[in-house]
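Colleague: All chains should be built: construct the whole structure from the sequences, respecting the hints.
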Amino acid sequence: MAYCVQNRGIKVTNRKKAPAKGKRKSTPPVAACPLADPEAHGIRQVMDAEGNLTGDLADPELPKKTLTRLYEMMVLVRAIDDRGWILQRSGRVEFWIPHRGLEAVHTAATIAFDDEDWIFLGYRHPGTLLLRGVPLVQLFAQFFGRADEPFKGRRLPTLMGDRRANVVPMTTQVGSYIPHACGAAWAAKIKGDDTRFLAFFGEGSSSRGEFHSALNFAGVHKPPVVFLCENNGWAVTTPTSLQTASATFAEKGDAYGVRNIRVDGNDPLAVFAATREARDLAPEEGATLIEAVTYRMGYHTTSDNPDLYRTPEEVAVWEAWDPLERMRKYLENKGLWDEPREADLWARCLADIDAAVHEAEAMPLPEPASMFDDTFAEPTWMLEEQRDQLLAELEPGE
Amino acid sequence: MNVVKQRSRKSTMLEAINAGMAHELENDPDVVLMGEDVGRAGGIFRTSTGLQQRIGSKRVIDTPLDEKGIVAHAVGMALYGLKPIVEIQFSGFIHDAFEHIMFCAARYRWASGGQYSCPMVIRAPSFGGIKGGFWHSQSVEAYFVHHGGIKILCPSTPEDAYRMMIAAIRDPDPVLLIEAVPLYRAMSANFVHDGQPTEIGRAEVVRPGADVTVLTYGPIRYQAVMAADDLAESDGIDTEVIDLRTLIPYDIECILGSVKKTGRVVIVHEAPLSMGFGAEMAAVIQEKAFGYLHTPIQRVAAPDVPYHFSIGDECYRPNAHRIGLAIKRAMAFEF
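Just so you know, the protein sequences line up as chains Z and R, in that order. Per my numbering, residue 1 is the first one in the first sequence, and the count goes up by one each step. Per my numbering, residue 1 is the first one in the second sequence, and the count goes up by one each step.
Hint data in this document are derived by calculation from the structure and do not stem from the laboratory. Take these hints with a grain of salt, some might be off.
[To be verified] Capping the alpha-carbon separation at 30 Å, the derived lysine-lysine pairs in DSSO-like fashion look like this: (1) Z:K191 to Z:K222; (2) R:K10 to R:K131; (3) R:K58 to Z:K191; (4) Z:K222 to R:K261; (5) Z:K329 to Z:K65; (6) R:K131 to R:K58; (7) Z:K252 to R:K58; (8) Z:K334 to Z:K64.
Modeller: Following this line, the structure appears as structure tokens:
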């Protein structure tokens with residue numbers, strides 16, 4: 001327990017330095033959390049901040065095993081984030097993209113889809129792979145850029161996926177892959193398959209042309225795809241108010257004839273309910289745009305400094321709506337959770353992460369020759385010549 | 001299929017492209033054709049005439065007007081296992097889709113460690129000579145040859161168009177097919193429509209010669225042959241003209257074989273001069289055959305300005321006269 005309390009107490013994100021004297025003249029007023037007044041913001045909820053049913057969206061009444069699995073995954077995802085941050089700050093991982101506060105959306109949406117369904121992943125979504133059976137050590141091997149992970153160390157830490165789990169890695173230009181998901185769904189429809197598709201992206205991506213292309217094509221051709229827009233408040237340093245003048249991101253679906261819904265993204269059961277319904281309706285209704293209203297508690301990446309653009313007061317407003325706390329309270333209200341289980345879970349998560357870190361870090365880096373692989377199905381003479389020359393030049397001299 | 005029993009058919013470039021797509025659409029249910037106006041109308045050049053009527057609107061698709069969206073959706077289709085043929089109406093409109101061609105389609109295999117791939121064909125109607133001006137006469141190939149992951153083909157005969165189309169559709173990697181708009185209806189040729197693909201990566205010696213090598217591709221190759229024929233008559237210069245046919249991967253054996261024989265090189269393309277495909281040709285020839293060269297490599301290309309509407313076809317686009325001057329420079333140069 002001490003281990004777990006200590007870990008959870010580490011404020012690894014949003015560590016606040018005292019501002020230079022006179023730099024900030026007055027603290028701007030802090031807006032209330034929109035989740036506290038869901039009706040005013042058109043946000044659909046299953047539970048309130050204390051894990052009590054609000055009576056708005058119906059409780060999907062998931063089996064006990066599913067509920068505890070979902071919560072356990074949310075905790076593991078947070079523990080991974082805590083460790084990723086420390087590994088980066090201690091120089092063992094080159095780069096980290098934190099996901100604190102964003103545990104609910106991707107885990108709940110993932111279990112709302114079947115394992116044969118395809119998911120186009122964003123980059124704050126380790127839970128999706130784990131829920132589909134990918135071992136934890138494979139994730140850490142990816143974070144460390146090791147040779148023996150599906151993408152052979154070629155991608156930035158957390159830009160993950162795995163075809164064996166039907167999880168497509170994102171193209172890193174955020175939002176560019178939204179029409180890829182739509183096109184893949186369209187292909188399944190053309191082939192007569194029953195596969196459904198889910199694409200995660202952030203609210204910043206909705207400003208890209210690809211978002212509009214995908215919704216436009218989806219409105220016309222009705223592919224079985226769910227567009228899940230995680231509105232986490234900030235696109236790097238840009239707030240939603242500078243991203244769009246629309247009142248919501250969900251309503252952008254109206255312009256394209258795409259059904260849409262706005263849900264509480266820190267309420268995993270609301271996310272599940274909306275996503276599962278969208279998935280089930282997809283063969284008949286085509287696409288759905290879901291806006292999940294949530295908040296990025298952490299930095300954009302380890303190369304970011306949120307102190308330049310937001311206040312600790314704003315973060316504190318959202319702390320009260322922490323998705324982990326709410327889900328835990330929901331489980332406690334149902335008699336499915338208690339302190340000993342909580343302590344045991346954190347201890348297990350940390351032990352599993354320790355083991356995965358040690359195993360992954362010991363794995364070898366990719367061989368230089370491997371960077372030429374997979375450029376084409378068969379390498380061209382041009383690549384073979386460049387590879388041979390590079391390898392010869394990398395040989396240590398006499 | 002018994003090739004012997006098949007009659008050869010006279011086809012224009014347009015008909016050959018149509019026949020190549022039709023053959024694959026009819027024989028492979030995973031092939032789809034998509035683009036602006038390609039279905040009901042058969043494309044603005046009519047390259048896909050009748051295909052939607054034969055195959056159906058599910059697989060021959062009229063899309064919204066959105067080049068980026070068309071290619072991006074095709075990328076997704078390819079990831080799932082279809083083989084899309086994407087028509088960009090004019091190559092001058094392709095730039096909006098550049099990211100999805102070069103950094104998505106051409107990168108998915110590498111970036112996924114070989115787990116995913118994007119076999120697809122992007123058709124780019126290109127080149128001048130149609131009074132098209134800036135947006136409708138572009139030669140865009142140099143923008144796409146900078147890194148691997150995509151193959152670049154450029155047919156300039158009806159039979160090449162047919163066999164390259166089939167090869168491109170069957171290729172496991174994305175292929176950019178540079179189509180020659182000025183040749184669509186300019187010629188016809190007899191060949192057997194037997195569904196056989198060409199071998200990607202092979203150049204063709206169009207006109208054998210001993211004195212000087214002209215390396216070119218696309219419709220300008222006919223101007224090169226005209227120049228060679230004229231100079232043979234007027235100056236007794238024996239020019240070899242090579243149609244590269246494939247830009248990535250280019251046929252290094254054919255190129256070096258010719259250069260080592262003639263020792264003089266003229267590179268001709270319609271695209272602008274600076275950092276064009278000719279620059280790479282010149283670089284690789286001097287790296288691999290420096291000792292064989294008798295004179296400096298000459299280039300004939302468009303200037304680094306946009307394609308002019310009213311006088312571009314005559315003054316901007318290289319022609320036989322300018323190619324002839326370059327051949328004479330290559331022959332007469334003295335150190």
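Colleague: Against each hint, give a clear statement of whether it holds in the structure.
Modeller: Against the structure, the hints come out as follows:
Restraint check: the Cα-Cα separation between K191 of chain Z and K222 of chain Z comes to about 14 Å, which is no more than 30 Å; the hinted pair holds. Restraint check for K10 of chain R and K131 of chain R: the C-alpha separation of about 27 Å stays at or below 30 Å, so the hint holds. Restraint check for K58 of chain R and K191 of chain Z: the C-alpha separation of about 10 Å stays at or below 30 Å, so the hint holds. A hinted pair counts as satisfied when its Cα atoms are at most 30 Å apart, and K222 of chain Z with K261 of chain R does not qualify at roughly 60 Å.
Distance check on the hinted pair: K329 of chain Z and K65 of chain Z sit about 16 Å apart at the alpha-carbon level, within 30 Å; holds. A C-alpha spacing of about 35 Å is found between K131 of chain R and K58 of chain R, which places the hinted pair above 30 Å, so the restraint is violated. Between K252 of chain Z and K58 of chain R the alpha-carbon distance is near 27 Å, which keeps this suggested pair within the 30 Å criterion. Note on K334 of chain Z and K64 of chain Z: the hinted pairing holds, with a Cα-Cα distance of about 9 Å set against a maximum of 30 Å.
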